[in-house]
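Could you slot chain B onto chain A? The hints should help.
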Amino acid sequence: MEWIAVIGGKTRQFIQAVGDFACFASTAFGWIIRGPGSRAMRELLRQMFDMGTMSIPVVMITGAFIGAVLAIEAYPQFAAIGIASRLGSVIVVSVVKQTGPILTAVMLAGRVGGAMTAELGTMKVTEQIDALRAMACDPVRTLVVPRLLACIIMTPVLTVYSDALGIWGGWLIAVGVDGVRNYSFWHYAAAGTDMFTVNVGLIKSLIFGIVIASIACYKGFTCGNGARGVGRACTESFVASFILILLTNFIMAVMLNNFYNWFWPNQPSLL
Amino acid sequence: MGAATADNPTTTKPETTNPIIRFENVHKRFGPLVVLDGMTLDIPQDRTTVILGPSGVGKSVLLKHIVGLLRPDSGKIFYRGKQVDNLSEREMEPIRKRIGFLFQLGALFDSMRVGDNVAFPIRQQGGKNPAEIQEIVHEKLAVVGMDGTEKKWPADLSGGQKKRVALARAIAMNPDVVLYDEPTTGLDPIRSDVINELILKLKEELNVTGVVVTHDMTSAFKVADQVVMLFNGKIVSRGTAEEIRNCADPNVQRFIQGRASEEDLRALHRM
Numbered sequence: 001m002e003w004i005a006v007i008g009g010k011t012r013q014f015i016q017a018v019g020d021f022a023c024f025a026s027t028a029f030g031w032i033i034r035g036p037g038s039r040a041m042r043e044l045l046r047q048m049f050d051m052g053t054m055s056i057p058v059v060m061i062t063g064a065f066i067g068a069v070l071a072i073e074a075y076p077q078f079a080a081i082g083i084a085s086r087l088g089s090v091i092v093v094s095v096v097k098q099t100g101p102i103l104t105a106v107m108l109a110g111r112v113g114g115a116m117t118a119e120l121g122t123m124k125v126t127e128q129i130d131a132l133r134a135m136a137c138d139p140v141r142t143l144v145v146p147r148l149l150a151c152i153i154m155t156p157v158l159t160v161y162s163d164a165l166g167i168w169g170g171w172l173i174a175v176g177v178d179g180v181r182n183y184s185f186w187h188y189a190a191a192g193t194d195m196f197t198v199n200v201g202l203i204k205s206l207i208f209g210i211v212i213a214s215i216a217c218y219k220g221f222t223c224g225n226g227a228r229g230v231g232r233a234c235t236e237s238f239v240a241s242f243i244l245i246l247l248t249n250f251i252m253a254v255m256l257n258n259f260y261n262w263f264w265p266n267q268p269s270l271l
Numbered sequence: 001m002g003a004a005t006a007d008n009p010t011t012t013k014p015e016t017t018n019p020i021i022r023f024e025n026v027h028k029r030f031g032p033l034v035v036l037d038g039m040t041l042d043i044p045q046d047r048t049t050v051i052l053g054p055s056g057v058g059k060s061v062l063l064k065h066i067v068g069l070l071r072p073d074s075g076k077i078f079y080r081g082k083q084v085d086n087l088s089e090r091e092m093e094p095i096r097k098r099i100g101f102l103f104q105l106g107a108l109f110d111s112m113r114v115g116d117n118v119a120f121p122i123r124q125q126g127g128k129n130p131a132e133i134q135e136i137v138h139e140k141l142a143v144v145g146m147d148g149t150e151k152k153w154p155a156d157l158s159g160g161q162k163k164r165v166a167l168a169r170a171i172a173m174n175p176d177v178v179l180y181d182e183p184t185t186g187l188d189p190i191r192s193d194v195i196n197e198l199i200l201k202l203k204e205e206l207n208v209t210g211v212v213v214t215h216d217m218t219s220a221f222k223v224a225d226q227v228v229m230l231f232n233g234k235i236v237s238r239g240t241a242e243e244i245r246n247c248a249d250p251n252v253q254r255f256i257q258g259r260a261s262e263e264d265l266r267a268l269h270r271m
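If you're matching them up, the sequences are chains A and B in order.
In terms of our numbering, the first sequence opens at residue 1 and continues consecutively.
In terms of our numbering, the second sequence opens at residue 1 and continues consecutively.
Here chain A stands alone, though its shape is the one from the complex:
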């Protein structure tokens, strides 16, 4: 019967961690609504530069290669049924709606989320977070709010960069290598992409930004002692962010498609 106790204990720990995370995230959003304060706003600019500007090259490179690979894999299938000219549509919709937001989010979870967890975790184990509290300064307001806001703002911006390079990568292969006509590529790309498609990608990236920053900060604030504790928190932060990105992507895909079909029942999804 010992295994029942083990399962019960693990379940209780999980529920407690979810509750703690919910309290942590709601405290952060509470501060955003009440006003982050001038110190947090100054920190916000630094965070936007660190996590946004510094991430542009890696996000653009990732986007370009994914767009190119999409074109390489899709061209033979489309050519076989004589609709290779429509490659622009599938590349743009795939990049804008799915691969752009998800790959940008995964890159940020690794590059930015990991750094965030490591920085806050180190601050925790060196008692810097305690020092903030001891000086009557709310560490969530000072440390979490600027990171959360920066991630919410910069993830959609980076997604736009990734999308742009993804489309360029797809165009390069489709038009430059596979011989699709330039006019056809852009004509069908424009025909297949409406504002809803663009907005879906941006809404997703905004939610992913919230997921990445809130998990990374929570893991940093709750990490164990020593270098091992910080290292483990970084790993857990990435894994949890990655799983939640995929899960929220699935949920949003279902919800937003239903939303689309509900409001525009006579216009089938272009995918």
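These are computed hints drawn from the structure, not numbers from a lab.
No residue lacks a Cβ here, since even glycine has one placed at the ideal position from N, Cα and C.
Among the hints, a few may not be true.
Heads up, incomplete: computed chain B residues facing chain A, CB under 10 Å, no partners named [said to hold, decoys possible]:
1. Phe109
2. Arg123
3. Gly127
4. Leu179
5. Leu206
6. Met217
What follows is chain B alone, placed relative to chain A:
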């Protein structure tokens, strides 16, 4: 007047009139580890209380309870007669603004230069213009022998220098109480004596109440008005520096003389 001991709890106690901080039957444990076991202690106002005890006995934990960084499992803590262990983080803020805390490892903010670290609690308290803040920062750094380091980063300082900057930060806002967690650890003997003189000066000229956790017996006997010895989560001895020096308890004598116990020596000989 002899030192009060755990074996002889009815002996006279040192002056405890007008306590600024009071622990009343405080219990604290971390998992199976009992750290504070029914601690009852008065910290007299305008006096310096030194907490002694072996490493890991809960001295730093005791300090953290005063500013609400840790909460007791049971028992009560009072500051100026007001119960504080049940206050929210926001309710604790006015109290925290009147208490300076020197952390064991300094806990300087890595992302700020030395000057900004010292200025942090002053800015947090508000009411000072930049020129006044700069003047206070310069003055406090000069007091600890670190003037001219305002533009340096904490990473560029030695352990002892970090400790001195952290002390400047702890006293930056002229607090009513300063909690010193090992203030002389990592300092050379001369600099240690300067810190001891600073603790005495703060008490004599500004009526600052001090609570000092230390293993440095020279420092302890120099600055203490009251010495409290902890062992296994309990107070085993309490009195003035002179009373503790003359205390008959063998554990106390072994600690203040820095002698290993017979048991420790036997373990060494078994190697």
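Unsatisfied constraints (hint numbers, rising): 3, 5 and 6
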